[in-house]
Amino acid sequence: MDKQLNEHNKSEHAPSHTAEHLLNQTMVRMFGCERSRNAHIERMKSKISYHIQVKPTDAQVDGIVQKMNELIQANLPVSYHYYIQQDLPEDISTERLPENASETVRVVRIGDYDACLCAGNHVNSTSEIGEFILLGTNWDEEKKNFRIRYKVKPLSE
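All the letters of the sequence shown, read from the start, carry residue numbers 1 to 157 under UniProt numbering.
Calculated directly from the structure, the hints in this document are not laboratory data. All clues stand as given, with none of them false.
Keeping only pairs whose Cα atoms sit at most 27 Å apart, straight-line, the calculated DSS-like set for lysine-lysine is:
1) LYS143 to LYS45
2) LYS47 to LYS144
3) LYS55 to LYS144
4) LYS151 to LYS45
5) LYS45 to LYS144
6) LYS143 to LYS47
7) LYS45 to LYS55
8) LYS151 to LYS47
9) LYS67 to LYS153
10) LYS144 to LYS67
Treat the numbers as computed from the prediction; the structure is a model and nothing was measured.
Build the full structure now, drawing on both the sequences and the hints.
Printed below as a string of structure tokens:
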């Protein structure tokens, strides 16, 4: 199969970007929300927002951080799988795929925990992320928007 993908216009910090994937799936599982549609992933600080109906409690926020660090420590493999769009597995959503996407697309799988379309940079396994550190959260009651600010700290620091 020709692995010709659309050019990717971002050069994310791979550990932070892989952490974003884990965080998306954690939020989906804990709160039944969609994956984020608004994320800014950077080396020093990342922020990501979710549309959920109720502000998470402090205990739930602590649970998010705990789950993230458990997933990181689990050393889950990150793998890439290439598909022709019409041959994608049923569990992979194409809802956010741009109209001009190449016929061949890439699915990034993180162990058995997460799988989604992505052309970004990733680590080889979750243990390479380091530590997930929560910098803060914000809640917008009117918009039902929950924002998480985080960074990842390499284990060598």
